[in-house]
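Enquirer: Sequence:
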Amino acid sequence: MELECLPCPPGCPLCLDGAPCSVQEDLYLRAAVLTVQAFCMLLVFISMLVAYHFRRTKRIRASGLLLLETILFGSLLLYFPVFIMYFKPSVFRCILLRWVRLLGFAIVYGTVNLKMYRVLKVFLSRTAQRVPYMTSWRVLKMLAVIVLMVSWFLSAWTAGVLENMYLTT
1 MELECLPCPP GCPLCLDGAP CSVQEDLYLR AAVLTVQAFC MLLVFISMLV AYHFRRTKRI
61 RASGLLLLET ILFGSLLLYF PVFIMYFKPS VFRCILLRWV RLLGFAIVYG TVNLKMYRVL
121 KVFLSRTAQR VPYMTSWRVL KMLAVIVLMV SWFLSAWTAG VLENMYLTT
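Mapping to the numbering used here: the sequence shown position 83 is 83, numbers consecutive.
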């Protein structure tokens with residue numbers, strides 16, 4: 001049995017055998033993932049339009065159109081990282097990726113938690129008197145506080161990243 005070395009792939013100065021030494025992009029796989037993400041984003045956008053179209057129905061009115069649209073908008077933001085990572089990495093894309101992920105997460109899960117808080121406040125009241133109902137606008141104001149806190153964190157993080165970038169170059 002005789003061992004034989006395979007020729008090095010082009011552009012690989014440190015190869016020992018025929019194994020690839022650098023990452024090779026699979027454009028078809030990347031395009032397939034991007035297509036699936038675009039399709040899911042389209043479904044979320046269509047869901048937003050359908051919810052708005054049926055805004056006068058009993059189910060949509062009971063759940064709150066404004067909060068439903070807010071959750072769908074946040075989930076739309078959560079789909080954007082795949083589009084951002086599709087292109088070549090850069091400092092701007094790294095910063096944008098963090099902003100989109102955290103804001104999308106804060107909007108979706110902040111809205112869901114605040115809706116649950118609103119329901120629990122009504123049903124777990126220990127007094128016999130009626131508790132004032134939290135409107136969707138009040139829930140959105142509380143969500144704005146959450147998003148503002150996340151934005152402050154992201155602004156500080158971005159300033160730190162940019163300051164470090166200029167110090168290292």
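Everything labelled a hint here was simulated from the structure, so no lab data went into it.
Any given hint could be a false lead.
[Said to hold, decoys possible] DSS-like, lysine-lysine: derived pairs with alpha carbons at most 25 Å apart:
| hint | residue 1 | residue 2 |
| --- | --- | --- |
| 1 | Lys141 | Lys115 |
| 2 | Lys115 | Lys58 |
| 3 | Lys141 | Lys121 |
| 4 | Lys58 | Lys121 |
Enquirer: If a hint holds in the structure, say so; if it doesn't, say that too.
Expert: Going down the list of hints, with the structure as the test:
1. Distance check on the hinted pair: Lys141 and Lys115 sit about 12 Å apart at the alpha-carbon level, within 25 Å; holds.
2. At roughly 17 Å between alpha-carbon atoms, Lys115 and Lys58 fall within 25 Å of each other, so this suggested pair holds.
3. A threshold of 25 Å between alpha carbons decides the hint, and for Lys141 with Lys121 the separation of about 17 Å falls inside it, so the pair holds.
4. Our distance criterion of 25 Å between C-alpha atoms is met by Lys58 and Lys121, whose separation comes to about 22 Å.
In this structure, none of the earlier numbered hints is contradicted; all agree with it.
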